[in-house]
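The lines below spell out each chain.
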Amino acid sequence: MYSQGLIGADDKTAEDQAFLDAFQKRIDAEEKIEPNDPMPAAYRSTLIRMIGQHAHSEIVGMLPEGNWITRAPSLRRKVALLAKVQDEGGHGLYLYSAAETLGVSREQMTEELLSGKAKYSSIFNYPTPTWADIGTIGWLVDGAAIMNQVPLCRCSYGPYARAMIRVCKEESFHQRQGYELVQNLCAGTTEQKAMAQDSLNRWWWPSLMMFGPSDTDSQHSDLSMKWKIKRFTNDELRQKFVDATVPQAKLIGLSMPDADLKWNADKNNGQGGYDFGAIDWDEFWRVVKGHGMMNKDRIKARKKAWDDGAWVREAAQAYAKKQNTQVAAA
Amino acid sequence: MSNEQNMPLWEVFIRPRTGLHHKHVGSLHAADSTMAMHAARDVYTRREEGDSIWVVASSHIHASDPKRSGENFDPASDKVYRHPSFYDIPDEVGHM
Numbered sequence: 041m042y043s044q045g046l047i048g049a050d051d052k053t054a055e056d057q058a059f060l061d062a063f064q065k066r067i068d069a070e071e072k073i074e075p076n077d078p079m080p081a082a083y084r085s086t087l088i089r090m091i092g093q094h095a096h097s098e099i100v101g102m103l104p105e106g107n108w109i110t111r112a113p114s115l116r117r118k119v120a121l122l123a124k125v126q127d128e129g130g131h132g133l134y135l136y137s138a139a140e141t142l143g144v145s146r147e148q149m150t151e152e153l154l155s156g157k158a159k160y161s162s163i164f165n166y167p168t169p170t171w172a173d174i175g176t177i178g179w180l181v182d183g184a185a186i187m188n189q190v191p192l193c194r195c196s197y198g199p200y201a202r203a204m205i206r207v208c209k210e211e212s213f214h215q216r217q218g219y220e221l222v223q224n225l226c227a228g229t230t231e232q233k234a235m236a237q238d239s240l241n242r243w244w245w246p247s248l249m250m251f252g253p254s255d256t257d258s259q260h261s262d263l264s265m266k267w268k269i270k271r272f273t274n275d276e277l278r279q280k281f282v283d284a285t286v287p288q289a290k291l292i293g294l295s296m297p298d299a300d301l302k303w304n305a306d307k308n309n310g311q312g313g314y315d316f317g318a319i320d321w322d323e324f325w326r327v328v329k330g331h332g333m334m335n336k337d338r339i340k341a342r343k344k345a346w347d348d349g350a351w352v353r354e355a356a357q358a359y360a361k362k363q364n365t366q367v368a369a370a
Numbered sequence: 052m053s054n055e056q057n058m059p060l061w062e063v064f065i066r067p068r069t070g071l072h073h074k075h076v077g078s079l080h081a082a083d084s085t086m087a088m089h090a091a092r093d094v095y096t097r098r099e100e101g102d103s104i105w106v107v108a109s110s111h112i113h114a115s116d117p118k119r120s121g122e123n124f125d126p127a128s129d130k131v132y133r134h135p136s137f138y139d140i141p142d143e144v145g146h147m
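As they're listed, the protein sequences go chains Y and V.
Start counting the first sequence at 41; every next residue gets the next number (my numbering).
Start counting the second sequence at 52; every next residue gets the next number (my numbering).
Treat the hints as calculated values from the structure; they're not laboratory data.
Possibly wrong hints are sitting among the right ones.
Stated by the list, open to error - The calculated DSBU-like cross-link candidates involving lysine-lysine, where the alpha carbons are at most 30 Å apart (straight line), are:
no.	chain 1	residue 1	chain 2	residue 2
1	Y	K118	V	K118
2	V	K118	Y	K65
3	Y	K65	Y	K266
To be verified - Label pairs and their computed distance ranges (CB to CB):
no.	chain 1	residue 1	chain 2	residue 2	range
4	V	K74	Y	D322	47 to 55 Å
5	Y	E70	V	V131	22 to 30 Å
6	V	K74	Y	D337	36 to 44 Å
7	Y	S145	V	T85	48 to 56 Å
8	Y	G293	V	R92	41 to 49 Å
9	Y	A356	V	V131	52 to 60 Å
10	V	S84	Y	G349	47 to 55 Å
11	V	K74	Y	A234	48 to 56 Å
12	Y	E276	V	D142	50 to 58 Å
13	V	K130	Y	D347	43 to 51 Å
14	V	D125	Y	R116	52 to 60 Å
15	Y	R116	V	R98	52 to 60 Å
What the hints assert, rightly or not - Here are a few chain V residues that sit away from chain Y, every Cβ distance over 10 Å (derived from the structure):
no.	residue
16	R66
17	R68
18	H73
19	G77
20	H80
21	E99
22	I104
23	W105
24	V107
25	A114
26	G121
27	K130
28	F137
29	Y138
30	V144
Beta carbons are placed, not taken as given, at the ideal position from N, Cα and C, and that holds for glycine.
For reference, chain Y alone in the conformation it holds in the complex (with noise of 0.2 Å):
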C-alpha cells in the first residue's frame, strides 16, 4: 500500500553534485541513513511523504475492522481481531516517530490527514459490509502490505527500517488469522462459503491496486529505487502479490474474480508466473481523489476521534504543568 505513499511526491532538489555523489555513495555501499545525518531535501521529503502516508494507512486502517469487533462470532476471534487492531495502532506510532525524525511534527501530520491534503491507502475507503470481510482483509490486504513491508526492512533510511522490522514481526498473525478465518468459511455451510467468495470478489481488485500505480505511470519510482528507500517496482510486487495468491484461493476452493487469470510458464525469468486481467485505473485514481464509497465516513471518523480528545489532551497537559510548577516551587 505504501508505494501510493509516493504519488505526488516531490523530486526537486538543490544540492550541488559533490554532495549528491557523496551521498549516493554511501547509498550504494548499503550504509544506513540517520536522522542528523547530510541528505538531499527530495529524500527527506520524499520519506516524509512516504513514512507519513505509512502511518495514516494504520490508523484509518483500524476503522473497518474495529467496525466488526464488537459482532464477532466468538471469543477466539474477537481477541485476535482486537490484538490485530491494537496492533495497527501501535504500528501507527512507531511510523509517526520515525517520519518525526526527519522534522515533522505529529501535529502537523495529523492536521493533514484531517483537512484531506494527506492520503492514506485507497484501500481503506471500500466498506466491511460482512463478517466474511474481516478474514478477506487479514488475508489479502495485510498480506498485499506485507509483501511490501518486508523489502522496506531493508529501506536506507534507518528509522523507517527499524520501525518495519518491528512492523512485519507482529503483523504475520495477521495475515495467518484471517486466512483461516475465510478457510473456515469456506469449510462451513455453503452460504458461508458464498460470503467468502463473494467477499473476495468484491477485495481482490482493490488490494492489486494497494501496489500503486503501473511502473509505467509512476514517475517516483526512480529516484526511490536509487536512493533505496524501495527495493522493488509496484508491478514486481505486485506480481509476487498474485503468484503467491492465487494457490492460496485454490487450496480454499475460491476463484479469483478475474476470467484473464491464467498460469504462464515463461514468466519471472521462466519460473512461471500468473497472467491477471487488466486493473481498473479510473477506480483506483477516483478512491485515491477522495471519491471512494468511504472516504467522508473515514475522514470524519478521525475528525470525531481528535475533536472529542482534545479535553483529555489538554487535561493531560494542565496537569503535567501543575505538577512541574509544584516541584520547581517545593
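Please build the complex by placing chain V on the supplied structure of chain Y, with the hints as guidance.
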C-alpha cells in the same frame, strides 16, 4: 488544533530480562512521565518484550554530531594494540 501545545516526546527503553541492558525501542508523545510510562507499557510490551521500562524526555538526550564523526571515532581505527589478538605469545601457553 493549532493553539494546542505540542505533547512532549519521550524515548522508550526496554530491558528484555534481568541481567541485560535496557535497549532503545522507540519513542512516543505524552504529557508527563507517568502517562509516557503507561503508553510505553501498552505499545512496546504487548508480546512479553521485557520486564522493565525506562522513559526519558527526548529533550534530555544530547547526541554527538554526525559531522564530527571523523574526529570523534576515526582515531580508534588504527589502534589495533588495544585488542588482545595484537600480541603474540607461544601456543604452549594455552588460553590467556
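Hints breached by this structure
1, 7, 10, 13, 15, 19, 20 and 25
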